[in-house]
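**Q** As a plain string of letters, each chain reads:
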Amino acid sequence: MKNKKFAIGLYDDEDVLKAGITSIQNKGQEIFDVYTPYPVHGLENVFFVPRSRLPIAAFCFGCLGLSLAFLMIWYMITYDWPMDIGGKPNFPIVSFIPICFEWTVLFASFGMGFTFFMANRLIPFSTPRIMDERATDDRFVVAIEVTDNNESSVADLIRQSGAVEVKYKTF
Amino acid sequence: MHESIIRKPLVTGTPDMHTVTEDICRPVESTPSKAWWIGFSLAFAGFILWLVSFGYTAWVGLGAWGLNKTVGWAWDITNFVWWVGIGHAGTLISAVLLLFRQSWRNSINRSAEAMTIFAVICAATYILAHMGRPWLAYWAFPLPNQFGSLWVNFNSPLIWDVFAISTYFSVSCLFWYVGLLPDIATVRDRATGVRKQVYSVLSFGWTSSARSWIRFESISLILSGISTPLVLSVHTIVSFDFATSVIPGWHTTIFPPYFVAGAIFSGFAMVQTLLLVARVVLKLENYITLYHIELMNIIILVTGSIVGVAYLTELFIAWYSGVEYEQYAFLNRVSGPYWWAYWLMMTCNVISPQLMWFKKLRTSLVFTFIISIVVNIGMWFERFVIIVTSLHRDYLPSSWAMFTPTIVDVGLYVGSIGLFFTLFLLFIRFLPSVAMAEVKLLLKHSSEEAKNKAKKHAHPTHQPVEGNVVIATTATIKKGESNEE
Chain A
1 MKNKKFAIGL YDDEDVLKAG ITSIQNKGQE IFDVYTPYPV HGLENVFFVP
51 RSRLPIAAFC FGCLGLSLAF LMIWYMITYD WPMDIGGKPN FPIVSFIPIC
101 FEWTVLFASF GMGFTFFMAN RLIPFSTPRI MDERATDDRF VVAIEVTDNN
151 ESSVADLIRQ SGAVEVKYKT F
Chain B
1001 MHESIIRKPL VTGTPDMHTV TEDICRPVES TPSKAWWIGF SLAFAGFILW
1051 LVSFGYTAWV GLGAWGLNKT VGWAWDITNF VWWVGIGHAG TLISAVLLLF
1101 RQSWRNSINR SAEAMTIFAV ICAATYILAH MGRPWLAYWA FPLPNQFGSL
1151 WVNFNSPLIW DVFAISTYFS VSCLFWYVGL LPDIATVRDR ATGVRKQVYS
1201 VLSFGWTSSA RSWIRFESIS LILSGISTPL VLSVHTIVSF DFATSVIPGW
1251 HTTIFPPYFV AGAIFSGFAM VQTLLLVARV VLKLENYITL YHIELMNIII
1301 LVTGSIVGVA YLTELFIAWY SGVEYEQYAF LNRVSGPYWW AYWLMMTCNV
1351 ISPQLMWFKK LRTSLVFTFI ISIVVNIGMW FERFVIIVTS LHRDYLPSSW
1401 AMFTPTIVDV GLYVGSIGLF FTLFLLFIRF LPSVAMAEVK LLLKHSSEEA
1451 KNKAKKHAHP THQPVEGNVV IATTATIKKG ESNEE
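Those protein sequences? They're chains A and B, same order as listed. Yeah, the first sequence ends on 171 if you go by the working numbering, and it's all consecutive. Yeah, the second sequence ends on 1485 if you go by the working numbering, and it's all consecutive.
These are calculated hints, taken from the structure and not from any lab test. Glycine residues also receive a C-beta, built at the ideal position from the N, C-alpha and C atoms. Do not take every clue at face value.
List of simulated lysine-lysine pairs, DSBU-like, C-alpha gap at most 35 angstroms [as the list claims (entries may be wrong)]: (1) K18(A) <-> K1196(B); (2) K1008(B) <-> K1359(B); (3) K169(A) <-> K4(A); (4) K1283(B) <-> K1359(B); (5) K1360(B) <-> K1034(B); (6) K1034(B) <-> K1008(B); (7) K1034(B) <-> K1283(B); (8) K1008(B) <-> K18(A); (9) K18(A) <-> K1283(B); (10) K1359(B) <-> K167(A); (11) K18(A) <-> K1456(B); (12) K1069(B) <-> K4(A); (13) K167(A) <-> K18(A); (14) K1196(B) <-> K167(A); (15) K18(A) <-> K5(A); (16) K1360(B) <-> K1008(B); (17) K1008(B) <-> K1069(B); (18) K5(A) <-> K1196(B); (19) K1283(B) <-> K1453(B); (20) K1360(B) <-> K1453(B); (21) K1453(B) <-> K18(A); (22) K1455(B) <-> K18(A); (23) K1196(B) <-> K169(A); (24) K1283(B) <-> K1456(B); (25) K167(A) <-> K4(A); (26) K1008(B) <-> K1455(B); (27) K27(A) <-> K169(A); (28) K1359(B) <-> K1196(B); (29) K1069(B) <-> K88(A).
Output of the computed footprint for chain B on chain A, the stretches with three or more beta carbons under 8 angstroms from beta carbons of chain B [what the hints assert, rightly or not]: (30) 3-11; (31) 34-46; (32) 54-67; (33) 112-124; (34) 145-153; (35) 161-169.
With the sequences and hints as input, model every part of the structure.
**A** The structure is reproduced here in structure tokens:
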């Protein structure tokens, strides 16, 4: 696989980062990704990250859990082996409620959890592209993919946008 | 997000983002302190006691406990309900407080969630032991078997409990681990050698990219949304184990809300016990502040009051129902052979939290620590009173009996506390005990430094001044330190 080269700008404040991203984008330069030590609220409006569709996944998996629980209980105590326990009915729908609820939550959580891990490509033993290790500490990082032709101009652009440090990294 | 400048700061001192990382990673990166080793040795001794007691019970059977034909449930279910209740505060802090946008949860949610998981593990051990033959525990699950098409009884609250507790445990683990990912990545990025490799695997390759954060916040919010009814359902279903029976003293409609309030009450007391020790031992006073302690004390006061009202309501309804068995069950609780347990429960749970009305007391660390222990003792007795006093005198006076715990009962209980603290101490040794990323989020608008700056700029608006001055002040705020995020 061909190596990619990135120009990396480090910022020390979230407001400077947001202004910096806007100024870089206004100059027509595409940003590969932004890395921050905590979730910066409002960044999605500047960097145009699409809204997460995890709620849809959660809803679908929740419906699946609800249906499976209902079918399971119905099959086991109403269809396959109906039993007279204390004169209780064989299709006691009220007794279904607790387990149906629990499986709705279980499937919604884990279905959404797996979707979250897949969407973020979070896999044990994976080797992620770490642009700068301080992105998980105290620096806000902007990464821009560069070629040999434009790397110096991109670095200047990042510096002008308020970055306290600029460096290159190849993956 | 706006936050009132007159609210107390959630991070004291003047730490910046790097200091937060340093402070919170220190216990994970340095060799354990003497205090940690002393605590761990004691806890581990308790864990060994638990292993011996559990092993002995599995070997000889439930005859090792003090149960008899009349009192068929005693310390096992008392301890089970007590531990499950303790676990509830963790989910409450991480889920309900997140839904209500209470930022003060950010410093305490990690330890509280860990507490939940370890408490539920302790609770599960009692269910397992109480089955008598723990190796057949899988019979509680609806698995195809060799006895014909014989399935579990879905009408039974005990089966609902199996599903509720296993779902609660799994979802709590997921919630906790997803929240841990960014902080494990921080530890990974600072580590070297084998530690780096281990934390790399544990971090799942988290890069802290903006896209990941959006999804992270989304999953946190939805998990909170679905964990909130989950946590209420779990203790409601635990209460159904009693409430759907025909035993006087158990068969009451107040049980679900009363159990949930009691769970939050005891859970917060345990969070207080743990955090009061952890903040001193791990030197986290700037992140787990007196304000946090005070807010949790207010929750203890509110839930303690709800529990108090529930006790009185139970007494009233027993009298008002006109059912003589119900009336006798409560008369027996109040003045029977276990009167001392009932009045200990009333003193610990109803009177002691009311002292939190006094600001001086609820902001005193020593007093809070004492009350947190008192509440935990009281809540254990609440479960003991409900279970043992209702069972020991049933409909048939000839079968009335008393319950006396054996040394194995005591060993299992004390041992489970050892198991809990062993797990908790290992957690604070190997994983960040405060959510670093979430605390860094507070620095901009809720730290002591940010509050002071905001107050300095906003001061003129508090005075009756002309419009143009107010406009100037607003401009200053916008230009200076923004409170928005």
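**Q** Look at each hint and say if it fits the structure.
**A** Outcome of the hint check:
1. At most 35 angstroms may separate the alpha-carbon atoms for a hinted pair to count; K18(A) and K1196(B) meet this at roughly 31 angstroms.
2. Taken as a hint, the K1008(B) and K1359(B) pair is honoured in the structure, with Cα atoms around 15 angstroms apart against an allowance of 35 angstroms.
3. For the hint pairing K169(A) with K4(A), the CA-to-CA distance comes to about 8 angstroms; that is within 35 angstroms, so the pair holds.
4. The hinted pair formed by K1283(B) and K1359(B) meets the criterion: a straight-line CA distance of about 25 angstroms does not exceed 35 angstroms.
5. For a cut-off of 35 angstroms, the pair hint linking K1360(B) to K1034(B) stands: about 32 angstroms separates their Cα positions.
6. Pair hint K1034(B) plus K1008(B) holds up; C-alpha atoms about 34 angstroms apart against a cutoff of 35 angstroms.
7. Between the alpha carbons of K1034(B) and K1283(B) the distance comes to roughly 14 angstroms, so the proposed pair stays at or under 35 angstroms and holds.
8. Using a Cα cut-off of 35 angstroms, the hinted pair K1008(B) and K18(A) holds, with the two alpha carbons roughly 28 angstroms apart.
9. Note on K18(A) and K1283(B): the hinted pairing holds, with a Cα-Cα distance of about 34 angstroms set against a maximum of 35 angstroms.
10. Simply put, K1359(B) and K167(A) have alpha-carbon atoms about 53 angstroms apart, too far for the 35 angstroms limit, and the pair is violated.
11. For the proposed pair K18(A) and K1456(B), the alpha carbon gap of about 25 angstroms is at most 35 angstroms, so the pair holds.
12. A C-alpha spacing of about 74 angstroms is found between K1069(B) and K4(A), which places the hinted pair above 35 angstroms, so the restraint is violated.
13. Between the alpha carbons of K167(A) and K18(A) the distance comes to roughly 19 angstroms, so the proposed pair stays at or under 35 angstroms and holds.
14. The straight-line distance between the Cα atoms of K1196(B) and K167(A) is roughly 23 angstroms, inside the 35 angstroms bound, and the hint therefore holds.
15. Proximity of K18(A) to K5(A) is assessed by CA-CA distance (about 23 angstroms); at most 35 angstroms being required, the pair is judged to hold.
16. For a cut-off of 35 angstroms, the pair hint linking K1360(B) to K1008(B) stands: about 16 angstroms separates their Cα positions.
17. Annotation: proposed proximity of K1008(B) to K1069(B) is violated, straight-line Cα distance about 56 angstroms (limit 35 angstroms).
18. Between K5(A) and K1196(B) the CA atoms are separated by roughly 25 angstroms; this keeps the pair inside 35 angstroms, and the hint holds.
19. Simply put, K1283(B) and K1453(B) have alpha-carbon atoms about 26 angstroms apart, close enough for the 35 angstroms limit, and the pair holds.
20. Our distance criterion of 35 angstroms between C-alpha atoms is met by K1360(B) and K1453(B), whose separation comes to about 28 angstroms.
21. The hinted pair formed by K1453(B) and K18(A) meets the criterion: a straight-line CA distance of about 22 angstroms does not exceed 35 angstroms.
22. For the given pair, K1455(B) sits about 25 angstroms from K18(A) by alpha-carbon distance, which is consistent with the 35 angstroms threshold.
23. The straight-line distance between the Cα atoms of K1196(B) and K169(A) is roughly 20 angstroms, inside the 35 angstroms bound, and the hint therefore holds.
24. A hinted pair counts as satisfied when its Cα atoms are at most 35 angstroms apart, and K1283(B) with K1456(B) qualifies at roughly 30 angstroms.
25. Simply put, K167(A) and K4(A) have alpha-carbon atoms about 14 angstroms apart, close enough for the 35 angstroms limit, and the pair holds.
26. Taking the CA atoms of K1008(B) and K1455(B), the gap is about 12 angstroms. The hint holds against a cut of 35 angstroms.
27. Among the hinted pairs, K27(A) with K169(A) is consistent with the structure: their alpha-carbon atoms are about 22 angstroms apart, no more than 35 angstroms.
28. For the given pair, K1359(B) sits about 46 angstroms from K1196(B) by alpha-carbon distance, which is inconsistent with the 35 angstroms threshold.
29. Of the pairs offered as hints, the one joining K1069(B) and K88(A) holds, with about 27 angstroms between alpha carbons and a cut-off of 35 angstroms not exceeded.
30. Only when three residues or more bring their CB closer than 8 angstroms to a CB of chain B does the claim for the region 3-11 of chain A stand; here the count is 0, and the claim is violated.
31. Counting residues of the region 34-46 of chain A whose CB falls under 8 angstroms from any CB of chain B gives 11; the rule of at least 3 is met.
32. With 4 residues having a beta carbon nearer than 8 angstroms to a beta carbon of chain B, the region 54-67 of chain A meets the requirement of three or more and the stated coverage holds.
33. Against chain B, the region 112-124 of chain A contributes 10 residues with a C-beta closer than 8 angstroms to a partner C-beta. That satisfies the three-residue criterion, and the hint holds.
34. Under a criterion of three residues with beta carbons nearer than 8 angstroms to beta carbons of chain B, the stated coverage of the region 145-153 of chain A fails, only 0 such residues being counted.
35. Closer than 8 angstroms: that is the beta-carbon criterion, and the region 161-169 of chain A has 0 residues meeting it against chain B, so the requirement of 3 is violated.
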